[in-house]
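A.B. asks: The lines below spell out each chain.
Protein chains: 2
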Amino acid sequence: LPGAASADPLPSWRDDGAQARIEAFVEAVTDPASEDYVTPARRIAVFDNDGTLWSEQPAYFQLLFALDVLKTKAEADPSILTSDVLKAAAAGDMEGMMAGGVKGLLEVVDVSHAGMSVEAFQADAAAWLAETAHPTSDLPYAAMTYQPMIELLSYLRDEGFSTWIVSGGGVHFIRAVAQDAYGIPPWQVIGSRGNLSYDAEGKALMKDGGVSLVDDKEGKPVGIDQQIGVRPILAAGNSDGDFAMLDYVTAGDGPSLGLLVHHTDGAREFAYDREGHIGVLNQGLDEAEGRGWLLVDMKADWTRIWTGGE
Amino acid sequence: LPGAASADPLPSWRDDGAQARIEAFVEAVTDPASEDYVTPARRIAVFDNDGTLWSEQPAYFQLLFALDVLKTKAEADPSILTSDVLKAAAAGDMEGMMAGGVKGLLEVVDVSHAGMSVEAFQADAAAWLAETAHPTSDLPYAAMTYQPMIELLSYLRDEGFSTWIVSGGGVHFIRAVAQDAYGIPPWQVIGSRGNLSYDAEGKALMKDGGVSLVDDKEGKPVGIDQQIGVRPILAAGNSDGDFAMLDYVTAGDGPSLGLLVHHTDGAREFAYDREGHIGVLNQGLDEAEGRGWLLVDMKADWTRIWTGGE
Ligand SMILES: [Ca+2]
Ligand SMILES: [Ca+2]
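Just so you know, the protein sequences line up as chains V and L, in that order.
The working numbering puts the first sequence at residues 7 to 316.
The working numbering puts the second sequence at residues 7 to 316.
Keep in mind that a hint or two might mislead.
To be verified - Pairwise CB distance ranges, derived in the manner of DEER restraints: (1) L/GLY282 - V/GLU207: 27 to 33 Å; (2) L/GLU101 - V/ALA206: 29 to 35 Å; (3) L/ASP37 - V/ALA206: 31 to 37 Å; (4) V/THR138 - L/GLY23: 53 to 59 Å; (5) L/ASP37 - V/GLY121: 38 to 44 Å; (6) L/ASP83 - V/PRO15: 53 to 59 Å; (7) V/PRO46 - L/GLU295: 40 to 46 Å; (8) L/GLY258 - V/ALA277: 56 to 62 Å; (9) V/GLY260 - L/PRO38: 36 to 42 Å; (10) L/SER89 - V/PRO46: 43 to 49 Å; (11) L/GLU293 - V/GLY208: 16 to 22 Å; (12) V/ASP164 - L/ASP99: 54 to 60 Å; (13) L/ASP83 - V/THR138: 35 to 41 Å.
To be verified - Now the stretches of chain V that chain L is said to cover, found in silico as 3 or more residues with beta-carbon under 8 Å: (14) 105-118; (15) 200-208; (16) 229-241; (17) 250-264.
These are calculated hints, taken from the structure and not from any lab test.
Since the model is a prediction, treat every value here as computed from it, not as a measurement.
By construction, the Cβ of each residue, glycine as well, lies at the ideal position given by its N, Cα and C atoms.
Let the sequences and hints guide you as you build the complete structure.
C.D. replies: Put into structure tokens, the structure is as follows:
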């Protein structure tokens, strides 16, 4: 069918921008006659989640979920608030909570979710994401995935890639929605990890709190090696937390593509880069051009933002 | 073709033993009309490695490799031998080394391999396994995989399963041969882990030593959750180090199969179970029948042992 053959695989991307660069890369690595041809097994694409596949303002969605849970827990038992970060979190003091950096955020997340099974946690997280409205968009959080990135994931899979998430967020939180939201199965989600133990009585994995892997910055190549074991050929991120991942992925011998989503659209989404607590992008902006990384301009390149939007 | 349709998928298994039980399970979970049907994405099968997919006597192959490397390193710099286990290892005192248990073995492994890139380590390990002869079989270590288990892996994949390794051995050591030996890609190998760091200068992952996951006993369900994220439906092992993994896998709501390879063939391989330092099988032998786990009798069930043998 001519319609099928000529269908645009990336309908929410403007034809004259980043889309051309992405398609040229994909065509080169999938054409057996190309010197850049890559076998399907090695077509591995890794994606940051917060700010790359869905929104992350006014705070990481996982943190907003953790706050809801923490408040409820602290009302029943205030003694769980053992640090300044936890006290700020339970009091709704976002600034005080963010001051603890990524480690502090992980503390809030882990304390709020410790002592339950992975299965129960993932059911709670999935329900919260589907049912809770975002404070400014009024969409359910789960609907705030970026439609252009969903299309990119799907396009890559159609072209024989495997698609993976490599996120600073907690692995179980992302797995709660990754299959439905992104078509990505649990075993292709890499994230920060708390301690786990096997409960032989309940035959279940239990979340014990603590942090065994911070899958951010230099931790991203580490998480990739632990869970994938080979160097991917495409990496997408949005902040300097992704710099090491793009550095690693684009240093391979063969063809590679590094991509940074630049939050330029204050009208439709949020505009931010060099300043703030979330999604800070300095080194990436400074070095993208010199390294040949693709800067995706959300305002210019995307005709639509959220999957759940218009 | 009648020949293809009736071909035995497990030619090195005797028709009247364990094979029938395995095939009945596979047929039930792959038949859409069966009440035990499982979708392909959830047909996840996990395999222990040492003693389950290849031999482990007179010691874990990784340990014999580590000893070779450690001896060479210690000749150049004896100060690396900072513990009794390491000193025993470098002196060739196997009993003294084994006295440290799994943690001690991991210490030998990690110290012998710290300070090099993952890529260089895997190349060394692959070369050693292909080129070094086993002391009693005289086969290269890489040829001492069990032919019946290779056939089982292949049969399961043909039936839509994904096949994974979940081993107490080091993940990078196994990845060095898993694709060639078992048809299992790096991202489907779960094993014990040392600490890693990203070397931004060399654009490579570096092995820093230490132990961040002991993927043995209760650590096996933990490794499975970290890297797969859903409960498998088939688990195969050979020792009490696999008990928790089989307990977890066979506790799911749907159909499942637990399998233990019992080392009964002293003439063709090695005969051992309840005693010794390696592959100790007590609880598994005591409880297999009551739990409905399949005990594979190597002497009775397998017509051939090693892939590289006759
Ligand atoms: Ca991000
Ligand atoms: Ca074993």
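A.B. asks: Hint by hint, say whether it matches the structure.
C.D. replies: Tested hints:
1. Take L/GLY282 and V/GLU207: their Cβ atoms lie about 30 Å apart, and the range 27 to 33 Å holds.
2. Hint check: L/GLU101 to V/ALA206, Cβ distance near 32 Å, so the stated range 29 to 35 Å holds.
3. The given range of 31 to 37 Å is respected by L/ASP37 and V/ALA206, whose C-beta atoms sit roughly 32 Å from each other.
4. Between V/THR138 and L/GLY23, the C-beta spacing of about 55 Å keeps the proposed range 53 to 59 Å intact.
5. Judged by the Cβ atoms, the range 38 to 44 Å given for L/ASP37 and V/GLY121 holds: they are separated by roughly 41 Å.
6. Between L/ASP83 and V/PRO15 the Cβ separation comes to about 56 Å, which falls inside the hinted range of 53 to 59 Å.
7. At about 44 Å, the beta-carbon gap between V/PRO46 and L/GLU295 stays in the expected band of 40 to 46 Å.
8. For the pair L/GLY258 and V/ALA277, the supplied restraint of 56 to 62 Å is violated, since their beta-carbon distance comes to about 47 Å.
9. Look at V/GLY260 against L/PRO38: about 41 Å separates their beta carbons, and that is inside 36 to 42 Å.
10. Checked against the hint of 43 to 49 Å, the pair L/SER89 and V/PRO46 passes, with Cβ atoms roughly 46 Å apart.
11. Between L/GLU293 and V/GLY208 the beta carbons are some 18 Å apart, a value that agrees with the proposed interval 16 to 22 Å.
12. At about 58 Å, the beta-carbon gap between V/ASP164 and L/ASP99 stays in the expected band of 54 to 60 Å.
13. The hinted range of 35 to 41 Å is not satisfied by L/ASP83 and V/THR138, whose Cβ atoms lie roughly 58 Å apart.
14. Counting residues of the segment 105-118 of chain V whose beta carbon lies closer than 8 Å to any beta carbon of chain L gives 0, which falls below the threshold of three, so the coverage claim is violated.
15. For a cut-off of 8 Å, the count of residues in the segment 200-208 of chain V with a CB near a CB of chain L stands at 4, and the three-residue condition holds.
16. For the segment 229-241 of chain V, the stated coverage by chain L is satisfied: 6 residues place a CB nearer than 8 Å to a CB of that chain, which reaches the threshold of 3.
17. With 4 residues bearing a CB less than 8 Å from a CB of chain L, the segment 250-264 of chain V meets the requirement of three and the coverage assertion stands.
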